[in-house]
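S.K.: Spelled out from the first residue to the last, the chains are:
Protein chains: 2
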Amino acid sequence: MKRLNGDAITIVQEIKKWRSSLANEKGVPEKLVTEIIQAVKRDGDVALRAFTKRFDQVDSPSFRVSEKEMEQALNRIDEKLLIALQKAKENIWCYHERQKRQSYIDAEQPGVIRGQLIRPLEVVGVYVPGGTASYPSSVLMNVIPAKIAGVKRIILVTPPHKEGVNPAVLAAATIAGVDEVYCVGGAQAIAALAYGTASIPKVDKIVGPGNEYVALAKRAVYGIVDIDMHAGPSEIIVVADETANPAFIAADLLSQAEHDTKSMAVCVTTSRDIANELEEQLISQIEHLPRKEIAKQALEQYGAIIVVPTVQAAIDVANELSPEHLELHVQDPIQYLHAVKHAGSIFLGPYTPEALGDYMAGPNHVLPTSGTARFSSPLSVDDFIKKSSFLSYSKDALQEVNEAICLIAETEGLHAHAQAITIRFQEEEEKEDGKALQTYPYYK
Amino acid sequence: MKRLNGDAITIVQEIKKWRSSLANEKGVPEKLVTEIIQAVKRDGDVALRAFTKRFDQVDSPSFRVSEKEMEQALNRIDEKLLIALQKAKENIWCYHERQKRQSYIDAEQPGVIRGQLIRPLEVVGVYVPGGTASYPSSVLMNVIPAKIAGVKRIILVTPPHKEGVNPAVLAAATIAGVDEVYCVGGAQAIAALAYGTASIPKVDKIVGPGNEYVALAKRAVYGIVDIDMHAGPSEIIVVADETANPAFIAADLLSQAEHDTKSMAVCVTTSRDIANELEEQLISQIEHLPRKEIAKQALEQYGAIIVVPTVQAAIDVANELSPEHLELHVQDPIQYLHAVKHAGSIFLGPYTPEALGDYMAGPNHVLPTSGTARFSSPLSVDDFIKKSSFLSYSKDALQEVNEAICLIAETEGLHAHAQAITIRFQEEEEKEDGKALQTYPYYK
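Top to bottom, those sequences are chains A and B.
Counting along the first sequence from 1, when you hit position 293 you're at 291 in this note's numbering, and nothing is skipped either side.
Counting along the second sequence from 1, when you hit position 130 you're at 128 in this note's numbering, and nothing is skipped either side.
Okay, chain A solo, but in the shape it has when bound:
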């Protein structure tokens, strides 16, 4: 854990350098990912089966998990866990339901009807990583907003294992209302969702976290389908005044640090005492963690304690870094909400740890990382809808704007645009004159 001193601007620059060094790390053979995608696009299931055998050492006649297996998963997990996941679903549902939007129509002008239709995406694919851990919470967070949006068909893909899909993941899928689960993973799963194969349906959008192969494949198929934002390493900034409890802060920084050796955990405090106690707390608390080595590496590389003169100065540092998670351990924290300009999710007060938001409280845990909270947002119902505008003009209403449109079209040198308006009125005049429909001099 670094103790950063000096002025806030220098410190912010220093931390931004860590980030960009992370962004420049490249470990994945792009060529291999391209080859995988091309093969699946061309050969469908045959390629999918071959890559699954090669990368996952699994050779199964079918990718699909049966509906029976999905239902049975509910009985295969601890009943208390089942209730916990159901409670989480309820909270996530209730929070996201307020994001649902209505189509609108504006019929205020005579002869003019215009509006915006809100429609759910038709088919969505959710990627759930396999590997050592299983993430039922990720299933809930990615699937529930899509359900609320009204997506009719939600496909979950996850890498196969010889022992079958993790029952907690399957149970979460069933609870969230996933329609179909397929055991395919990696770049080949992304390619299958983007182009469709005989057994995997083509989707409109792919969401969910994954390793670098998955991330690269998603970027490659973007445009063919939509994708969610790229998730960088997870981040937290804790802002603390002298009333904060350093033991709580240490626990929260560690919950961030245990994710990944690249996780960023920073505390900005107005109190030297808090800074000192926090360091002690980190040292004592980290010892008992099963993922101690990961957390240690993360804190050594991307952990920092910064002392600044005021809470506002601390929030200025946070705004500059625009973190994924921001905790405010200060007196009357809601009074500072206006001052927070850029953060994915804001946690107010000593009893609102990030872990509460990760699992249970309701707001989404898929958040903008690496400073992108300046312009990106948490995953929401908006990510699973699309909009279409519609327009209807009467003849009279069109005639009223005829000249104005032609003037702009002429300015832009697009005469056929002007003609598309004038022809609708010239035709009649010419007919009345008994002339044939022959030429349509455009607007001069």
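Hints were generated in silico from the structure; no laboratory data involved.
Some hints here could point you the wrong way.
A pair holds if it fits inside one copy or across any two, identical chains being indistinguishable in the list.
As the list claims (entries may be wrong) - In silico DSS-like pairs for lysine-lysine, Cα to Cα no more than 25 angstroms straight-line:
1. Lys15 to Lys39
2. Lys14 to Lys294
3. Lys98 to Lys145
4. Lys87 to Lys393
5. Lys87 to Lys66
6. Lys14 to Lys39
7. Lys145 to Lys339
Computed from a predicted model, the values in this text were never measured in an experiment.
We have chain A; now place chain B onto it with these hints.
M.R.: Only chain B this time, still in chain A's reference frame:
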């Protein structure tokens, strides 16, 4: 103009092939674009000035257009054009204002406050192409939604010309409320907006159309800043029954075709007579267009007339292709709104030509192309805001979900997450027992 016969599926496949052949065309030296971006990032204004001299043959001491020049532009254009642009602004503003969203708060459970903040982006850059034509309508369409969102600083960049910026573009910028205009173009302008230089401010998002250099540069800086969607060649599908007026349809197809030799213009009709008359109309109307050669090439390559048995079958073809613009020249068109699943903008009836929407009616003309209307939306106020979630739990409220969170955290193997909750209660128990704060056994 091709006459496509046969079953709808084969026809749709055929048209999709045209599209993907377009998507695979690559003409831009990616390496050069990367070099330009790196140089501007490193050397700022010095590089910017050098590239402007090299690519635009302009060597100016300052990039900035003075505020005086911006105001004067209003007097330099025809008064009728000024009124037309102001009328367009009014309509665009009125249509988009309904897209504005409110932050929400949910304080329904004791001890729990949660919600979502809606905030405007702080700084937005709008690219306006130079070249032979000027596009004041594009300025209005890109800037007004940002203004409504509440963006405080809107920067417009456009390639320099020896004669200065086109007065219609400058007037539109002033009318729309652009804050600053800079004469820089190409990949170097995008790099300047993404990284900032001494004279050009760094922005949070870049929108607006551009040539292939601009498109490639935007994609390269995505992540550093946000960008709008990539606009492919423009497209229209007209669905027509036997009541349609072929002269109107021909004019609308031509207004699409004159944009670009790669524009797609397709009519799907239930009437062989309409198909025949449409062909005649196209032949006669095209003759009088200044951009005849462009329109001819577009129609020859990417134009088609398709005859199908029913209006529903025609709409099915449109849905499969998910066009940017869809016109319904059928009886009682609003009855078919439910059947249209994927289209950027829908134009209903004979007096609602696409050109009306391009300039005047209010809905945005920045629309999803190349079939991306399946998952993308017209440019809107949503594109200039970001969301943050916030959360506050009381101690009691947290204690109630303590066990549930720990169960999920343990399932996911993230014990520091569980500890972040339990420490908030164990501490007290231990204090009460008179024990020192030493170890925090995580949830078992």
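S.K.: Evaluate Lys87 and Lys66 at a C-alpha cut-off of 25 angstroms and name the case that applies: within, between, both or neither.
M.R.: within (21 angstroms within a copy, 57 angstroms between copies)
S.K.: At most 25 angstroms between CA atoms: does that hold for Lys87 and Lys393 within a copy, between copies, both, or neither?
M.R.: Between. Shortest inter-copy distance 22 angstroms satisfies the 25 angstroms Cα cut-off; intra-copy 52 angstroms does not.
S.K.: Evaluate Lys15 and Lys39 at a C-alpha cut-off of 25 angstroms and name the case that applies: within, between, both or neither.
M.R.: between (39 angstroms within a copy, 15 angstroms between copies)
S.K.: My question is about Lys14 and Lys39: at a cut-off of 25 angstroms on alpha-carbon distance, are they close within one copy, between copies, both, or neither?
M.R.: between (39 angstroms within a copy, 15 angstroms between copies)
S.K.: How do Lys145 and Lys339 come out at 25 angstroms by Cα distance, when the copy is not named: within, between, both, or neither?
M.R.: between (30 angstroms within a copy, 18 angstroms between copies)
S.K.: At 25 angstroms max between alpha carbons, let me know whether Lys14 reaches Lys294 within a copy, between copies, both or neither.
M.R.: Intra 20 angstroms, inter 53 angstroms, cutoff 25 angstroms: intra-copy only.
S.K.: When no copy is specified for Lys98 and Lys145, does a C-alpha distance of 25 angstroms or less occur within a copy, between copies, both, or neither?
M.R.: The answer is both: 11 angstroms in one copy and 24 angstroms across copies each meet 25 angstroms.
Violation of the numbered hints given earlier is absent; every hint is satisfied by the structure.
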